[in-house]
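The chain contents come next:
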Amino acid sequence: MIKALFKKKTLEKKLFDKKSQQEIAGFVIIVVLVSVVGLLFLSLILGRGESKLENNAEISYLLGASMYYTTECAVNFIPQYQNLEDLTKLCYNRGKCLNDVDSCRILNETFKKIIKDSLFVSPDSSNKAYILNIYYKEENSNSPDEEILKIEELKFEDCSSRIGGIESRNFRNGNIEFELEVCKG
Amino acid sequence: MKNKKYNSRPDFVIINKILPKSKRLTRAFNQLFHFKSLPDSKRSQIKIQEMAFMLVAVVLFFALVGLFLFSIFYINMVKEANSLREFKTLSSVINLANSPEFNCVDLRANCVDEDKLINLVDRNVYRNFWQFSSLRLIKNSAFNKTEDKIIKCNPGNYPDCDEFIIYDKKVKNERLIQSHVALCRTEYKENYYEKCEIGKLIAGSEVISG
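Taken in order, these protein sequences are the chains called Y and V. Per the numbering used here: the first sequence = residues 1 to 185. Per the numbering used here: the second sequence = residues 186 to 395.
These are computed hints drawn from the structure, not numbers from a lab. Keep in mind that a hint or two might mislead.
Said to hold, decoys possible - Facing chain V, according to a computed beta carbon distance under 8 angstroms, are these residues of chain Y, among others: (1) Phe27; (2) Ile29; (3) Val31; (4) Val32; (5) Gly38; (6) Leu62; (7) Ser66; (8) Asn76; (9) Tyr81; (10) Val121.
Stated by the list, open to error - Pairs of lysine-lysine residues, derived as DSS-like cross-links and limited to a Cα-Cα distance of at most 25 angstroms, are as follows: (11) Y:Lys113 to V:Lys202; (12) V:Lys334 to Y:Lys116; (13) V:Lys330 to Y:Lys116; (14) Y:Lys137 to Y:Lys89; (15) Y:Lys184 to Y:Lys113; (16) V:Lys324 to Y:Lys112; (17) V:Lys337 to V:Lys380.
What the hints assert, rightly or not - Over the 12 angstroms line for every Cβ pair with chain Y, so calculated as not near, a few chain V residues: (18) Pro224; (19) Thr274; (20) Val278; (21) Ser284; (22) Val306; (23) Tyr311; (24) Phe314; (25) Trp315; (26) Ile335; (27) Asp345; (28) Ile350; (29) Glu359; (30) Arg360; (31) Glu375; (32) Lys385; (33) Gly389.
Just so it is clear, CB atoms sit at the ideal spot from N, CA and C, and this is done for glycine as well.
Please construct the entire structure, taking both the sequences and the accompanying hints into account.
Listed below in structure tokens is the structure:
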């Protein structure tokens with residue numbers, strides 16, 4: 001009788017030990033599940049945030065000021081020189097300047113000069129590289145953006161930070177967007 | 186068994202008397218059966234206590250997670266606040282460019298009239314008009330020049346010059362704020378036309394140390 005009693009108690013003790021272990025295991029599983037779900041949620045939020053170009057005041061104002069810059073492209077007669085905004089629209093229409101010079105070529109050269117002089121872009125300076133993207137975006141339309149000009153100077157890699165700015169100008173049924181992104185070293 | 190107030194509690198005292206020393210029941214073993222044989226009210230109290238501890242642990246865990254998330258959002262907020270502060274500081278300079286003393290005739294934003302500017306150079310009357318300790322504008326022709334090679338503008342050498350100094354109070358500690366502006370003037374080549382280039386408006390504000 002005593003032996004049977006001991007067997008029963010030992011079994012009950014083992015079950016009791018197992019029960020507390022089960023409870024702890026269950027608690028740990030819940031904690032792990034909640035952590036995994038939380039990390040997934042966090043990665044989604046952070047991932048969404050990084051895709052936006054950070055608007056920098058210096059770059060935005062530079063783009064705004066450059067819209068009035070007088071280029072060397074004259075249309076119809078001298079001195080009807082085009083500013084950068086009008087030259088961009090002329091480039092979109094594949095227009096030419098006087099003496100048959102390609103408007104897009106002058107647009108390319110002018111923007112390169114402005115950005116290089118104003119931001120001191122070089123491998124040795126704090127502004128290591130830049131990308132300028134000019135495209136036409138139609139309002140209320142699913143059609144893709146039409147690229148007008150894209151300039152990439154130097155190597156846009158190993159950036160400690162990236163700053164950028166956007167300028168918009170009304171054109172036809174949409175806008176011409178000027179996006180400038182600078183790689184900081 | 187004699188002990189009837191507990192639920193099926195064996196009489197360990199009696200059993201231990203019968204058993205040899207090596208096989209006697211230990212205190213832990215005894216406590217085990219003590220729990221199982223506790224009255225219901227005590228057992229439920231212990232269960233409630235267990236639940237309370239678990240709830241505290243869960244709340245602490247979620248508090249830690251919340252703290253972690255908050256720190257991430259706080260960092261993003263600080264970044265946003267710094268960006269806004271930068272915009273606000275530069276806006277004070279841009280507002281200057283849009284003021285009647287500087288702005289272009291057709292009131293274009295971020296555009297400074299160079300022909301107005303040459304009339305403001307070296308005029309002491311404007312020294313206390315703005316809150317800045319110094320105010321000057323450099324043309325893009327001066328961007329790649331060293332300071333000794335920059336030509337200061339005056340009515341005699343205009344427009345073949347590099348820098349317009351409106352005024353300079355020559356304070357000891359000064360913080361410079363600068364912003365790009367369009368600098369436009371009237372030029373003549375077969376006919377009158379407007380010529381614009383990029384300039385930098387630089388405003389200084391005194392830093393009071395202490």
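Hint-by-hint comparison with the structure:
1. Phe27: 7 angstroms, holds
2. Ile29: Since the shortest Cβ distance to chain V is 13 angstroms, the answer is violated.
3. Val31: 6 angstroms, holds
4. Val32: Where the cut-off is 8 angstroms and the nearest Cβ of chain V is about 11 angstroms from Y:Val32, the hint is violated.
5. Gly38: It holds, given that the least Cβ distance between Y:Gly38 and chain V is near 6 angstroms, below 8 angstroms.
6. Leu62: With a closest approach of 4 angstroms, the Y:Leu62 hint holds.
7. Ser66: OK, holds: Y:Ser66 within 8 angstroms of chain V, min 6 angstroms.
8. Asn76: 12 angstroms, violated
9. Tyr81: 6 angstroms, holds
10. Val121: Not OK, violated: Y:Val121 not within 8 angstroms of chain V, min 12 angstroms.
11. Y:Lys113 to V:Lys202: Not OK: Y:Lys113 and V:Lys202 at ~104 angstroms, beyond 25 angstroms, violated.
12. V:Lys334 to Y:Lys116: 20 angstroms, holds
13. V:Lys330 to Y:Lys116: Since the Cα atoms of V:Lys330 and Y:Lys116 sit roughly 14 angstroms apart, the hinted pair holds (cutoff 25 angstroms).
14. Y:Lys137 to Y:Lys89: Since the Cα atoms of Y:Lys137 and Y:Lys89 sit roughly 13 angstroms apart, the hinted pair holds (cutoff 25 angstroms).
15. Y:Lys184 to Y:Lys113: Distance of about 19 angstroms is within 25 angstroms: holds.
16. V:Lys324 to Y:Lys112: 17 angstroms, holds
17. V:Lys337 to V:Lys380: OK: V:Lys337 and V:Lys380 at ~20 angstroms, within 25 angstroms.
18. Pro224: 18 angstroms, holds
19. Thr274: 8 angstroms, violated
20. Val278: 9 angstroms, violated
21. Ser284: 16 angstroms, holds
22. Val306: 21 angstroms, holds
23. Tyr311: 23 angstroms, holds
24. Phe314: 23 angstroms, holds
25. Trp315: 19 angstroms, holds
26. Ile335: 14 angstroms, holds
27. Asp345: 17 angstroms, holds
28. Ile350: 20 angstroms, holds
29. Glu359: 19 angstroms, holds
30. Arg360: Fine: 16 angstroms to the nearest Cβ keeps V:Arg360 off the interface.
31. Glu375: It is violated; V:Glu375 is separated from chain Y by about 6 angstroms at its closest Cβ, not greater than 12 angstroms.
32. Lys385: At roughly 8 angstroms from the nearest Cβ of chain Y, V:Lys385 sits no farther out than 12 angstroms, so the non-interface label is violated.
33. Gly389: 17 angstroms, holds
Checked against the numbered hints given earlier, the structure breaks hints 2, 4, 8, 10, 11, 19, 20, 31 and 32 and satisfies all the rest.
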